[in-house]
Structure formats: structure tokens, C-alpha cells
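Next come the chains, spelled out residue by residue.
Number of protein chains: 2
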Amino acid sequence: MSLMSSPTDVLLREVGLRDGLQMVTHFVPTEVKIAWLRAEHAAGVREMEVTSLVPAKLLPQFADAQAVIEAAKALPGLITVALVPNLKGAQLALELGVDKLDFVMSVSHTHNLKNVRRTREESLADLVRIVQARDAAGLSGKVLISAGLSSALGCSYEGDISLDEVRRCVADLVAAGAQEILIADTVGYSNPCKIEAVFRVVIEEAGVLPVGAHLHDTRGLGIANAKAAWDCGVRLFDASLGGLGGCPYAPGASGNVVMEDLCFLFEAMGHRTGIDLAALLKVRHQVEEALGSVPMFGGLARSGLPVGYSKPSFIVTNSANYRTGEST
Amino acid sequence: MSLMSSPTDVLLREVGLRDGLQMVTHFVPTEVKIAWLRAEHAAGVREMEVTSLVPAKLLPQFADAQAVIEAAKALPGLITVALVPNLKGAQLALELGVDKLDFVMSVSHTHNLKNVRRTREESLADLVRIVQARDAAGLSGKVLISAGLSSALGCSYEGDISLDEVRRCVADLVAAGAQEILIADTVGYSNPCKIEAVFRVVIEEAGVLPVGAHLHDTRGLGIANAKAAWDCGVRLFDASLGGLGGCPYAPGASGNVVMEDLCFLFEAMGHRTGIDLAALLKVRHQVEEALGSVPMFGGLARSGLPVGYSKPSFIVTNSANYRTGEST
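Those protein sequence lines, which keep their order, are chains A and B. Those letters in the first sequence? Residues 1 to 328, per this note's numbering, in order. Those letters in the second sequence? Residues 1 to 328, per this note's numbering, in order.
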């Protein structure tokens, strides 16, 4: 299951059903979630983090994890992902048959303690056990273990995060058996220069493993940061419709980078996302309506696609071709 | 009056008092405008487009142009700019003693006709007469004539705009006596790759003249486009507090790139704007309150500065230095 085997240049992964809904205080009905993931799959999205496998008493938003995962698994070609904060969550994920486990650890010691109630060392030991459990179940070729590295670009408890600490965490995650590294700007502290510095170190340390970007648009720089990550060679991006999201255990965290704006960024630059942008916009408006009072963000949903927009004609072709950054 | 003589790395020009207020349907009281420009000047902003010299029957929002210009001129070190669509507006601007005239022409023939009721040829002839009038008044060393080139990155009437047409317009504006070129993404159709293509052509054609970027954040790419323009060498950017703005004669136009987010972009990357970001945020909230129901946008105003934010400490220094793109 290589990320690069798809016919797209960049993979945009919807995380609103997990990262978005964990910030919504009321329980979103299961049928709303399932309608959302079906509609977004129909628009061309091929990877979604659909739930979080945490105790329902902690995050009751995800009490219906099993039903949501089953609905996602029924969709052809969709990579179904669940967040797992620990071994117990991972065991449940393996039983439910997800395609990918998103394990999370934070570079910030404080945030890791608040977020998953473990030291970094305990998290790493958990990851080793998760990999063992996956392999013991005979699923090593079937279930991919991704490691999200939170607060890698700054922390609202600890402030700046050193590049050396980021490098150490990536090395530890790789050594523990992670097969993909997702670098998260949990509280939106980054800027394009910082992205460049951090991702260069991470990509170097991750070696052959894919490196993705989980960016938040807390201070308006989300899309610019994504462009900077693309320039570093990143081809996997998390995003959520309307910029839903945040982190309940990170003060000041707010929404993810807006899925439809991120999709517009790449498509307009001539890179294939595999997503029908007009259809995606319709899903966004449907989800906004279904969620009621939950605020959503983003420019494209407000303004619509440019007049006459279509992928080929939108690229100026009567003079110099300005496509750059062809996929690697 | 060189743009590069200031102690900053990048000049952020507030255009909300012109581009923003032209989209506000009610008349904003003169004292509100003056309080705004004084507060933003106090926060460190050193260039502002404060009004538009158009007949009050067309845009009654600017009926108080004289009073606003006088208030701006009283502020030390502030470059006071007024938009002039034609010779008559320019003559008034010269009488009122502005520091810089913003003449506007559109690459799109249709938009130029709608926006300033002239063909491009008539606009260029006007620009020649404006330069002559400025020189005849003995103001050639005192009043700078800037030329804004609208719809240079796409037009909601004409769609794609060819690079050859952009190049021709820049050459025409330079030949007519423009001393600065401001490339405008009037309806927010651009993306970072298009920015790169267009600004390379414009910078080449403009020769020694400064080239600025007037970007709109219509589809969420405004800040990413600004970063791309910076990478091309652009050091002058228009923006408006809370992303106010649009164009009454360009369907689908919406707000400018958000001033406070743009300022955060550059400051966080280690470039000096000369602006006190915390003070700027206060002005933004004051203006939002004063304007009442007018919607404002932006991430920084919603989330605030990062915890412990200050220019030097925000830059990670305990490992590789990730500052790039030092000013030229």
C-alpha cells in the first residue's frame, strides 16, 4: 500500500471526522458522519481519518467508532484511518479492521502528558507493542502504522521546540516501527521558513518513509505553510472541510488547514489531487448545514471557483508555462 | 523617497481605508477613519492609501477625502497615498498634497472599461498627462506616481490573462512615467505558481522600478501568494486590516490579504516590517468595533499571538537557523 502508487500528485487526507469532531461539544449523529464520509469519498477523497479510538467517557464524540469504521470500509479504494493514542486503542483498531493506525506522540513533554497521559518514553514503548500486536495478528502487510508527531513546530505549553528534539523523536518513532511520519503544527505556530527547517530535518531522518504534514490554520498561515511543505517534497497533507478542528488538550489550538482551499491550491498549481473540487465544495456546504452552529472557515466556500475554472484551461498556456514543482 | 531606504525589510501598506471602505455601503464617519489611520500609524505602519479621488456621486464613501488626507499628512513619516482613476482625480491629489498617487489600469479591457470607464489606451494617455501635470507643478521630486495594474492574475470577465498582455501593460506604464508598479490579483484568481510566473515577467519589464503586490484573499491563497511574491523579490505589499476590501466593478471580488496575518507571516519568518504586531491587533479590533456589522476575517485576530511570542525568541536558535530570504 504505497502512498505514491495512486495516479495523483498529492494525497489530501480528510481528518475532520476525527480532528474536527473532537472539538464539537455535541454528539454528531452517526448517520451525519456516514453521509459525510460517503459524499467526500464520492468527490474523490481517498484517505480519511474517520474516528478516534479513545474511551467514550473521555471523548463521547467517538462512541460510534465501530459503525463509522464499518461504513468507511465499505467504500471502494478508501484508506480508512483511526487515531490510536495507546495500545488499547490500537488493539481495537486492529479488531475493527482499519487500513491505517494513526499513533500520536508529542515532541513537547507537557503536551504528551496532557494529550495521551504518558511520558514520551511510555508512548514509544506503546508504539513498539502496537507494532508487535499488529504483526502477531498477521496484519503486517495489511495495516500501516503511521506516527503523528504533535507540537513539532511549537507548543502552547513549552513554546519553541528545538530541531534537535524533533529529530530525536523522529528517529525514535522510526526505530519503534512507524511506517509514516506526520508532522503536526498542533497549535498553528509555524511559518514557511520554520516548515522548511523542520521538514528538512524530518525528511532526512525519516529516510525512505513517507512524511506528511498535519497543519493548523490558527494564524492564517496554514496554506502558505502547506505550500512550503510541498516545496520540501511533502506529498501527503491532512486537512478538514471548512477548517474544523483543534486539540482539546492544547490551549489555543484551532482549526485544521481548510480542505477545499488546500485542494484549490494544488489543483490551481496544476497538481492532481484526484478530487473533484466542485463536488468537494458541495460536500462542504452539506456538512456545514448538517453541523448547524459549528463555525466553518475558508475562502473558496465563500467565493466559489473562479469563473470558467477547469483544470486545463485555468493554466495559462499562451506564454511561458509556469507549472513548477512537478511531483517527485 | 526610496522604498528601500527604510530600516525595514518589507513595507506593508494599509489600503483598507480605500479598498476596504469602497465596499462598505454606508458612509463611515470621518472621525472613525482618522482614528483608524492615527492608530495604525502609531503601530508602525508607514504607508497608507487613505482615500480614492473619485466623484462623490460615484463613491460617496470618499466624500471626505480632503479631511482624511489632511489628517494623514499630519502624521510624521507616513507616506500618504490616494487612488486616482484619471487626470481630474490626480489634479485634486496634487492640490491636496499627497505623497503618492495610485493610478489604476486593468490588463483586462473589460474590467478597465467597467472600473474607470476608459479604454486602456485612454488610461495610458491619462497617465502621461498626470505625469506632466505633476512635473508642471514642480512636484517631480516630491510626489511619486505609482501604477496599479488590475486583473493581472485573472479577471472575472475575461478569465485567464496572458503573460504577454501583462508584459505589454507594464512596458506601457513604465513608458508613460510610472515610478512603481503594483500588480493586483483583483479577484483572487492567483496561486503561488502563477505569482511566480507573472512577477518574474513584471520585475524583468519594470527594470529598476519597485514592484509591489496587491493581493486579494478571495479563495484562501492570499498569504501563500504573498510568500511566493516575496520569494520573487517583492518587498512592497498592500493589505487591509481584517481583510476588508473588494472591487465594486469586478464581480466576485472580495477582501484584501489580511494585514495582521501578513505582518505575522513576515515577522515570524524573521523579516522586519517595522510594525508592532500586538499594537496592530488592537487597532484591528478597534476598527472592527467601529465599523459595526462589516465582516472582518483573519486567523491572528481570532487566535492571538503565540504564547511567549516576541521577535527574537520566536526564532529557534538552538539548532540550524532557518531564516531564509534575507532582504535584498
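Among the hints, a few may not be true.
[Unchecked claim] Listed next, the in silico SDA-like pairs over lysine to any residue satisfying Cα-Cα at most 20 Å (straight line):
id : chain 1 : residue 1 : chain 2 : residue 2
1  : B       : 114       : A       : 307
2  : B       : 282       : B       : 31
3  : A       : 114       : B       : 31
Because the hints were derived from the structure by calculation, they are not lab data.
How the hints compare with the structure:
1. For the proposed pair residue 114 of chain B and residue 307 of chain A, the alpha carbon gap of about 17 Å is at most 20 Å, so the pair holds.
2. For the proposed pair residue 282 of chain B and residue 31 of chain B, the alpha carbon gap of about 18 Å is at most 20 Å, so the pair holds.
3. A threshold of 20 Å between alpha carbons decides the hint, and for residue 114 of chain A with residue 31 of chain B the separation of about 49 Å lies outside it, so the pair is violated.
In the structure shown, a violation is registered for the earlier hint numbered 3 alone.
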